[in-house]
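Participant: Respectively, the protein sequence lines represent chains A, B and C. If you read the first sequence in the working numbering, its first letter stands for residue 1, the second for the next number, and so on. If you read the second sequence in the working numbering, its first letter stands for residue 1, the second for the next number, and so on. If you read the third sequence in the working numbering, its first letter stands for residue 1, the second for the next number, and so on.
Hints were generated in silico from the structure; no laboratory data involved. Heads up, a few of these hints could be off.
[To be verified] Pair by pair, the computed Cβ-Cβ distance ranges are:
(1) A:173 to B:18: 54 to 62 Å
(2) B:18 to C:135: 50 to 58 Å
(3) C:72 to B:125: 39 to 47 Å
(4) C:207 to B:268: 52 to 60 Å
(5) C:72 to B:231: 21 to 29 Å
(6) B:244 to C:13: 17 to 25 Å
For every residue, glycine included, the Cβ atom is placed at its ideal position computed from N, Cα and C.
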Amino acid sequence: MSAIRTEALTKHFSVGFWRRRPYVALDALTLDVPDGEVFGFLGPNGAGKTTTLKLLMQLIHPTSGRAEILGRPAGDVGVRRRVGYLPEHPYFYDYLTAEELLEYFAALFGYAGAERRRRASSLLDEVGIGAERRFQLRKFSKGMIQRVGIAQALVNEPDLVVFDEPMSGLDPVGRREIREMILRLRDRGCTVFFSSHVLSDAEALCNRVAILAGGRLVTSGSLADMLAFQLRGWELVVTGLTTEALEHARGLGRITKATLLGGDRYALELPLSTPPDRILADLTAHGAQLGSLNPVRETLEDFFMRQVAAVKR
Amino acid sequence: MRALVIVAVNVFREAVRDRVLYILVAFAVLLISVSFLLGQLTAGQDVKIIKDLGLAAIATFGLLIAVFIGIGLVWKEVERKSIYSLLSKPIRRYEFILGKYAGLALTLFVNVAVMTLAFYAVLAFLNTRFPAPMRAAWPAPATDPGMLLAIALIFVELLLVTAIALFFSTFSGPFLSAALTLGLWVIGSFNADLRNFEAVLQSPAAGWIARGLYYVLPNFAAFDVKAQVVHALPVPPAYVLTTAVYGVVYIALLLTASVLVFDRRDFK
Amino acid sequence: MSGRRWLFVLLALLGGGVIGLQAVHDRAGGPPAAQTPAMLYVRSPEAMKRLALSYDQLLADVYWIRTVQHYGGTKLSNDPDKRYDLLFPLLDLTTSLDPRMTVAYLFGAVFLAEPHPGGPGRPDQAIRLLEKGLDTQPENWRFAQAIGFVHYWWLMDYPTAADWFTRAAALPDAPSWLTPLAAVTLAQGGRRDSSRRLWEEFARTAEEDWFRNEAQRRLMQLDAMDQIDFLTAELRRGRALPGTPVDPTGVPYRIDGGTVSLDPRSRLSPLPTGPYTLQ
Numbered sequence: 001m002s003a004i005r006t007e008a009l010t011k012h013f014s015v016g017f018w019r020r021r022p023y024v025a026l027d028a029l030t031l032d033v034p035d036g037e038v039f040g041f042l043g044p045n046g047a048g049k050t051t052t053l054k055l056l057m058q059l060i061h062p063t064s065g066r067a068e069i070l071g072r073p074a075g076d077v078g079v080r081r082r083v084g085y086l087p088e089h090p091y092f093y094d095y096l097t098a099e100e101l102l103e104y105f106a107a108l109f110g111y112a113g114a115e116r117r118r119r120a121s122s123l124l125d126e127v128g129i130g131a132e133r134r135f136q137l138r139k140f141s142k143g144m145i146q147r148v149g150i151a152q153a154l155v156n157e158p159d160l161v162v163f164d165e166p167m168s169g170l171d172p173v174g175r176r177e178i179r180e181m182i183l184r185l186r187d188r189g190c191t192v193f194f195s196s197h198v199l200s201d202a203e204a205l206c207n208r209v210a211i212l213a214g215g216r217l218v219t220s221g222s223l224a225d226m227l228a229f230q231l232r233g234w235e236l237v238v239t240g241l242t243t244e245a246l247e248h249a250r251g252l253g254r255i256t257k258a259t260l261l262g263g264d265r266y267a268l269e270l271p272l273s274t275p276p277d278r279i280l281a282d283l284t285a286h287g288a289q290l291g292s293l294n295p296v297r298e299t300l301e302d303f304f305m306r307q308v309a310a311v312k313r
Numbered sequence: 001m002r003a004l005v006i007v008a009v010n011v012f013r014e015a016v017r018d019r020v021l022y023i024l025v026a027f028a029v030l031l032i033s034v035s036f037l038l039g040q041l042t043a044g045q046d047v048k049i050i051k052d053l054g055l056a057a058i059a060t061f062g063l064l065i066a067v068f069i070g071i072g073l074v075w076k077e078v079e080r081k082s083i084y085s086l087l088s089k090p091i092r093r094y095e096f097i098l099g100k101y102a103g104l105a106l107t108l109f110v111n112v113a114v115m116t117l118a119f120y121a122v123l124a125f126l127n128t129r130f131p132a133p134m135r136a137a138w139p140a141p142a143t144d145p146g147m148l149l150a151i152a153l154i155f156v157e158l159l160l161v162t163a164i165a166l167f168f169s170t171f172s173g174p175f176l177s178a179a180l181t182l183g184l185w186v187i188g189s190f191n192a193d194l195r196n197f198e199a200v201l202q203s204p205a206a207g208w209i210a211r212g213l214y215y216v217l218p219n220f221a222a223f224d225v226k227a228q229v230v231h232a233l234p235v236p237p238a239y240v241l242t243t244a245v246y247g248v249v250y251i252a253l254l255l256t257a258s259v260l261v262f263d264r265r266d267f268k
Numbered sequence: 001m002s003g004r005r006w007l008f009v010l011l012a013l014l015g016g017g018v019i020g021l022q023a024v025h026d027r028a029g030g031p032p033a034a035q036t037p038a039m040l041y042v043r044s045p046e047a048m049k050r051l052a053l054s055y056d057q058l059l060a061d062v063y064w065i066r067t068v069q070h071y072g073g074t075k076l077s078n079d080p081d082k083r084y085d086l087l088f089p090l091l092d093l094t095t096s097l098d099p100r101m102t103v104a105y106l107f108g109a110v111f112l113a114e115p116h117p118g119g120p121g122r123p124d125q126a127i128r129l130l131e132k133g134l135d136t137q138p139e140n141w142r143f144a145q146a147i148g149f150v151h152y153w154w155l156m157d158y159p160t161a162a163d164w165f166t167r168a169a170a171l172p173d174a175p176s177w178l179t180p181l182a183a184v185t186l187a188q189g190g191r192r193d194s195s196r197r198l199w200e201e202f203a204r205t206a207e208e209d210w211f212r213n214e215a216q217r218r219l220m221q222l223d224a225m226d227q228i229d230f231l232t233a234e235l236r237r238g239r240a241l242p243g244t245p246v247d248p249t250g251v252p253y254r255i256d257g258g259t260v261s262l263d264p265r266s267r268l269s270p271l272p273t274g275p276y277t278l279q
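Isolated chain A (complex conformation) (with noise of 0.2 Å):
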């Protein structure tokens, strides 16, 4: 089953005071996000990715299109009590104190009494807010508070989560955090669907991204395909290699590029199309000693930017 699917999901903002026109925010998304996986939506500023999100939590209605949230439409309200959404900056109402914001939450759900309190003071403990739940978040730092919003998004113990940039306000310990979290998550069986423009943080956590940009879905699958296509060669380190041994080699043409790491170890870079065995022998029969040998994949940044450009141009 697939946790959200949409069908040519479009949103037309009107634009300009005076003679407003159409902009197209997001143009005949068709997406397809399968249940228990983390998956990562990707693209720059301005790509969509906020508007696509609050289509799904139905703050904004769609121009044209559909969207299903766990094979229910988007607008039916049933459904949001299995759906946890973490909006991009968030905010909430500073007169409340983090434990009774997640407290009023928790009461949308259902939750009363002991079992409301017990609810709100577990997740503050899982996103790191100690003692001072009981300010008023008034007083809360962005990354405070972005922890808040994480903990809101989670007082249902959904089945699917939607976070938009849920790394954003956060110090690297804080990231890495939320990480595990997702993580957590994911191994409980819940769906991980985050908007990000880090791309780090999808290479870490994700099974399966989408990349948005201007408005429309560049490319979806698995991270793992995506990328094992791009093999770009192979990374060689090698200690005791002696100058001789270099030229002989890049004679051949075999070697794009020789870095000296330091005393005589070399990193080589191999194109794809010298099968790093035969090289290998070839050194190690004077006198190098292997010291690592790995693909050299191209990054998603690469990927990235590859695409993105791609749209642009």
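Start from chain A and add chains B and C according to the hints.
Facilitator: Here is chains B and C on its own, set in the frame of chain A:
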């Protein structure tokens, strides 16, 4: 329904945290200090003046709360984006709107109730300071329960003002909402004059417009029976009933319109 | 989507309910507040002037509008014993807040002097108001002339009226017809032709439409009085009247036996009483 109650309670909590209840202190201070001053200045009319002032103050303070909280009810949530996380919870948009309204209605009820208690307390105290023959000459006793009728109609009026403020707040900013709400309140208070305008206006078209406005705009003048109760004049029960029903129907109209507007809104 | 349609139906029903209930209110005579004596909280012009802060001009306008509303509203009401109790206090407040509001003195005096039921019938208050105007603008001939007029028309005190017309004539920019008017008033005050002359001058020189219309109405009243006298004389002589005669506004006269009178629905009714039967 549950969601509605939860939102309403939160509105009340916000009002309390934002120190709205301080207005009650202002009311009590005003009433007590004026009655003290009057004791020094005038003779005989104290009770009548305190009644006038108290009823007017209940209406005015209530109006301030209704307008200035009412205009922020929806606008603030949208502007600060706190509505994003709220509406992603299992709550329908109409529950949100009606919950907001109910919350402010609750706030107003508590405020009006406390002001009424303070009002009667001051009057009861004043009552002890006049000899019996003087009291006998008053048209009504100091703590005349008949004034509750005027307060009840004031409360319905405040609920109507709140509905207007909420309606404007579903699609416009606070300054425009406040201006429109107060503007409607002022025009509505001159409602009877709108009816007589016809006789004064030259062009028949203007007369038709005045007559149309007379029927369509909220008739706030109808809720004002302060002068009657202070002078202990009869207020026909049928009149009170019609006016209250008028208020309730008008409120229902505004809330329906608010739900319709809010339902279609995009929160960009 | 059909839920939305229901909401629109509900909206229409509630809208109808609001209008219907307002109509019920209207039938019942509106709020009872309208039936109790209207209140003027601050009657003291001095206090009001202080309370008005820097808004005295604006408040004067507001009170002027209230004055007109009060006068017009009372005049139009069907209450048989309607009263114009607030008229003088309102005018007093208006002219205290803005002492140079000439129109308030002049119109106000007309309102005040008008006899019941068209007005409170208080020429004394009219004169008081005009004298207050003359205190603030001693050079304004209009006030003196208007005082003379009240003496002439409502109090029928022709020597005093002539005296005021003479005073008015002496003021700057006074029109030249005031001096002969004073003389005629003194010589033959109360006669219909001198009255006609007074009103003709008013109609000719009035700057406000309202005053001109009023003067023309008075002239038509004088015509009607002439016509009634003529018709009565004809009847007395036993002559048949040709058809049904109509008054200057086109409303037929009422002929009852030997007497001819205005239809009360005519806008000329009631005719002024007093010395005008004298030729």
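Participant: Look at the Cβ atoms of residue 207 of chain C and residue 268 of chain B and judge whether their distance stays inside 52 to 60 Å.
Facilitator: Because 59 Å falls inside the window, the suggested range holds.
Participant: Within 21 to 29 Å: is that where the Cβ-Cβ distance between residue 72 of chain C and residue 231 of chain B falls?
Facilitator: For residue 231 of chain B against residue 72 of chain C, whose Cβ atoms are near 26 Å apart, the range 21 to 29 Å holds.
Participant: Please test the hint of 39 to 47 Å on the beta carbon pair from residue 72 of chain C and residue 125 of chain B.
Facilitator: holds, 45 Å
Participant: Do the beta carbons of residue 173 of chain A and residue 18 of chain B sit within 54 to 62 Å of each other?
Facilitator: violated, 35 Å
Participant: Taking 17 to 25 Å as the stated bounds, is the beta-carbon spacing between residue 244 of chain B and residue 13 of chain C within them?
Facilitator: 19 Å Cβ-Cβ, so the 17 to 25 Å window holds.
Participant: Could one say that the CB atoms of residue 18 of chain B and residue 135 of chain C fall in the range 50 to 58 Å?
Facilitator: Hint holds: Cβ distance 54 Å, inside 50 to 58 Å.
Hint 1 alone, counting from the list given before, is not met by this structure.
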